[in-house]
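Novice: Make the full structure from the sequences, and use the hints.
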Amino acid sequence: MRVGNGKNTLFWTDKWIHGEAIADLAPCLLQAVGPRIRKTRTVHEALQDKRWVRDITGGLTVQVILDYLFIWEKVYRWSLVQDVEDRPIWKWTADNKFTTASAYQAFFLGQHAIPGAKLLAGTKAPGKCKFFLWLVLHDRCWTASRIKRHNLQDDDACALCGQESETITHLLTGCVFSRELWFRLLHHVGAKSLTPTTDELSLTSWWTRVRKLIPKVARMMLDTFIALVSWSIWLERNNLTFNRQARSVIQLQQHIQELAA
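Following this note's numbering, the numbering of the sequence shown begins with 1 at its first residue and continues without gaps.
Calculated directly from the structure, the hints in this document are not laboratory data.
Worth double-checking, as some hints may not be accurate.
[As the list claims (entries may be wrong)] No more than 25 Å apart at the CA atoms, straight line, and that leaves these computed lysine to any residue pairs for SDA-like:
hint: 1; residue 1: Lys148; residue 2: Leu235
hint: 2; residue 1: Lys39; residue 2: Ile89
hint: 3; residue 1: Lys130; residue 2: Pro215
hint: 4; residue 1: Lys212; residue 2: Leu235
hint: 5; residue 1: Lys15; residue 2: Leu109
hint: 6; residue 1: Lys128; residue 2: Leu109
hint: 7; residue 1: Lys15; residue 2: Arg41
[Claimed, not checked] FRET-style restraints, in silico, Cβ to Cβ:
hint: 8; residue 1: Asp24; residue 2: Asp49; range: 43 to 53 Å
hint: 9; residue 1: Leu109; residue 2: Lys74; range: 21 to 31 Å
hint: 10; residue 1: Ala103; residue 2: Ile147; range: 39 to 49 Å
hint: 11; residue 1: Lys124; residue 2: Val75; range: 40 to 50 Å
hint: 12; residue 1: Ile114; residue 2: Thr40; range: 57 to 67 Å
hint: 13; residue 1: Gln251; residue 2: Asp155; range: 17 to 27 Å
hint: 14; residue 1: Ala261; residue 2: Leu109; range: 42 to 52 Å
hint: 15; residue 1: Asn243; residue 2: Asp156; range: 15 to 25 Å
hint: 16; residue 1: Arg244; residue 2: Ala106; range: 27 to 37 Å
hint: 17; residue 1: Trp142; residue 2: Val75; range: 25 to 35 Å
hint: 18; residue 1: Lys91; residue 2: Thr208; range: 33 to 43 Å
hint: 19; residue 1: Thr198; residue 2: Ile114; range: 18 to 28 Å
Because the structure is a prediction, the values reported are computed rather than measured.
Here a beta-carbon is modelled for each residue, glycine too, at the ideal position from N, C-alpha and C.
Specialist: Below you can see the structure in the form of structure tokens.
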């Protein structure tokens with residue numbers, strides 16, 4: 001808060017002393033002031049005849065006295081400008097002026113961007129598919145590898161190929177079963193070159209890479225396609241794991257194509 005005449009700034013709780021509040025600078029002193037006074041006393045009122053000193057009615061402990069002396073040094077020479085209104089300072093812009101865009105950006109400060117989140121937001125897949133992909137992006141799917149890591153089982157082999165540890169990246173892009181499925185489905189639409197390779201770092205990295213290889217008008221369709229096929233692979237894995245029912249790649253391919261028809 002940039003103080004002018006002090007009539008719109010609260011002495012005890014607003015951040016008016018070089019961007020800091022008395023509540024932060026002298027918390028023990030603040031506790032010696034009544035709650036009603038804290039919420040109503042303006043800087044204009046408090047500095048008149050040093051009225052803020054008379055606001056202190058609690059017990060004068062050593063720390064309260066030290067806080068009092070500290071605040072005294074901060075405010076005893078403070079001069080108000082009677083013909084200038086107090087003005088809030090918006091710290092999220094260079095000119096200290098509020099904008100909706102800066103407020104939106106400030107809301108997300110401290111948060112880490114999740115790779116693939118924007119891709120997921122743009123897909124037209126059903127909600128259950130999008131929720132599954134949200135788990136994929138956060139690596140929160142209960143694959144065999146994750147279950148073993150929590151000491152819930154001894155074997156972490158992939159349910160579909162049995163050749164490698166079943167991480168979510170392996171299951172969706174590295175497994176020979178999954179890669180053959182991707183190849184067959186992509187070949188069917190003339191895009192077999194987009195098939196994931198054995199060295200994909202994650203579903204997201206492959207997804208991001210292949211999007212750049214196709215026209216923009218087709219990217220939303222690709223996003224939905226990847227979401228649906230990934231979900232189908234996960235369901236197939238679960239069906240095999242829990243129900244001991246297995247389908248061939250061709251059978252699963254036909255099932256997916258029937259659903260998409």
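Novice: So which of those numbered hints doesn't the model satisfy?
Specialist: Violated hints: 4, 6, 8, 11, 12, 16, 17; rest satisfied.
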